[in-house]
Amino acid sequence: MSDFTAVLDALTRQRGVRGSLVVSANDGIPVDSNLQFGQDGNRVAALAAFLYRKARKSAQAAGLGGIGFMQLEAESGRLCIIGGDEIILVVVAERSANVGLIRVEMLRAAEALA
Amino acid sequence: MPDDVRLWSDELARDPSSLVFLPLAESLRRQGQLDVARKVAVRGLERHPHNPDAHDQLARIQADRGDLQSAFDEWDMVLRLVPGHVGAIKGMAFVRFQQGRLDEAEKLLMQAQGTFDDIDISAAIATVRRSSGVTVGQVAAGDLPTDPHLLFADILADDQTAIMLDKDGLVLAGAYYSANGEDVAQEVGASLSGVSDEALRATKHLGIGAWRSILFETEAATVSLAPAPERGAAAGGLMVVAAAPATPLGQLRPLLDRCVSRANVWLDLAV
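Protein chains in written order, with the numbering used here: chain E, 4 to 117; chain R, 751 to 1021.
To be clear, the hints were calculated from the coordinates, so they are not data collected in a lab. Small disclaimer: the values here were computed from a predicted structure and weren't measured. Honestly, I wouldn't trust all of these hints.
[Unchecked claim] In the BS3-like style, the derived pairs of lysine-lysine whose C-alpha atoms are separated by at most 25 Å in a straight line are: (1) R:LYS954 x E:LYS60; (2) R:LYS917 x R:LYS954; (3) E:LYS57 x R:LYS917; (4) R:LYS840 x E:LYS57; (5) R:LYS917 x E:LYS60.
[What the hints assert, rightly or not] Some, not all, of what chain R presents toward chain E, calculated at C-beta under 7 Å: (6) LEU769; (7) ARG830; (8) VAL938; (9) LEU942; (10) ILE958; (11) SER1011; (12) ASN1014; (13) VAL1015; (14) ASP1018.
[As the list claims (entries may be wrong)] Here chain E is said to cover these stretches of chain R; the calculated rule only asks that three of the stretch's residues, wherever they fall, bring their Cβ under 8 Å from a Cβ of chain E: (15) 779-793; (16) 924-932; (17) 950-956.
Glycine included, every Cβ here is placed at the ideal spot set by N, Cα and C.
With the hints as constraints, model all of the structure from the sequences given.
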């Protein structure tokens, strides 16, 4: 049981959430995860970290400051990301999940991890 | 009614966590005691931050006080808590109408009509259309600016900016202004190259269908991305829209759609 287990468990209990991960922002390696679906967590972590780094880089290019909540929305699901310089928190959710509540919970969790 | 106000006030004093603040705030609003109503609603929200009725109540009070943006933000929060909430969408449309942003008002009303069709919504749509004279998306090719940098200029507010990128991150149209007024479109484009492919890979791996948008909040702006039209030079590219952080997240998707729609007309001319 890692320092992140309780946070990930709480996130994954949210309605419509299929999994959550703590990921190293710079190399995309998962630090801990709670996945309720049969996917490869390593791959999800790498993809999420890449998108996060891209968003961070574009925000820097535009002088927009640090990145807060991030969301990729697809036809039948969402990938939500929040984080800082070192680690990011990733949530995989169904399309019907309440993204407003997930965002609030992720902000709370990020504060707890900081 | 004053007796009810007294009863509800007493009950709230006995049990500050009671939901009776909702009818109390509404009653005060109807009596025109807007500042008191606002205080009651705000205190209630402090105890029930995820209660959509409480956000809806505060929105109506703020609208009556003339604080339209605050009302809009509260209704936006209702929508986040209860997606498709017709009352919230109608409220947001009302705010946009009052602000003269008629095309946004119309889009919101169309959204409400798609969820719950009633005669009030139809009448409101007709009113907005009469006021605007032109409906969303009706732009003649001849009316487009000749300078590609200005392609999205007339559909963006002062605190919004948009660019369309090709698959390599090169700018096809639009401009991206930083806070100090500098056009940083090339830099932003270069930093976003590869995002479209990676989003495609991510959604394929997760089995969640085609990607529709990416949104991220920063300290100075909220940025949203969508696939550019799959045509000509834009195929595999990105549409990027940035707006002030105060812009409700729910408003970015319609704005992106309008930019994509504009890009489609422009690409037609380019063929």
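Verification of the supplied hints:
A hinted pair counts as satisfied when its Cα atoms are at most 25 Å apart, and LYS954 (chain R) with LYS60 (chain E) qualifies at roughly 24 Å. Taken as a hint, the LYS917 (chain R) and LYS954 (chain R) pair is honoured in the structure, with Cα atoms around 18 Å apart against an allowance of 25 Å. Straight-line distance between C-alpha atoms of LYS57 (chain E) and LYS917 (chain R) comes to about 15 Å, which keeps the hinted pair within the 25 Å bound. A C-alpha spacing of about 36 Å is found between LYS840 (chain R) and LYS57 (chain E), which places the hinted pair above 25 Å, so the restraint is violated.
The suggested pairing of LYS917 (chain R) with LYS60 (chain E) holds, with an alpha-carbon distance near 17 Å, which does not exceed 25 Å. At about 19 Å, the closest approach between the beta carbon of LEU769 (chain R) and any beta carbon in chain E exceeds 7 Å, and the interface hint on this residue is violated. The interface hint given for ARG830 (chain R) holds, since its Cβ lies 3 Å from the closest Cβ of chain E, which is under the 7 Å cut-off. For the restraint placing VAL938 (chain R) at the interface with chain E, the shortest Cβ-Cβ distance is roughly 5 Å, inside the 7 Å limit, so the hint holds.
For the restraint placing LEU942 (chain R) at the interface with chain E, the shortest Cβ-Cβ distance is roughly 5 Å, inside the 7 Å limit, so the hint holds. Nearest Cβ of chain E to the Cβ of ILE958 (chain R): about 3 Å, under the 7 Å cut. The hint holds. Taken as an interface hint, SER1011 (chain R) does not check out: its beta carbon lies about 18 Å from the nearest beta carbon of chain E, beyond 7 Å. Annotation: ASN1014 (chain R) was flagged as interfacial toward chain E, and the flag is violated, the nearest CB pair being 20 Å apart, outside 7 Å.
For VAL1015 (chain R), the interface hint is violated, since its Cβ never comes within 7 Å of a Cβ in chain E; the closest pair sits about 25 Å apart. Using the Cβ-Cβ criterion of 7 Å, the hint placing ASP1018 (chain R) at the interface with chain E is not satisfied: the shortest such distance is roughly 26 Å. A count of 0 residues in the stretch 779-793 of chain R with a Cβ less than 8 Å from any Cβ of chain E is obtained; the coverage claim is therefore unmet, three being the minimum. For the stretch 924-932 of chain R, the assignment as covered by chain E holds, since 4 residues bring a beta-carbon within under 8 Å of that chain's beta-carbons and 3 suffice.
Counting residues of the stretch 950-956 of chain R whose CB lies closer than 8 Å to any CB of chain E gives 5, so the stated coverage by that chain holds, three being the minimum.
Going through the hint list in order, the structure does not satisfy hints 4, 6, 11, 12, 13, 14 and 15.
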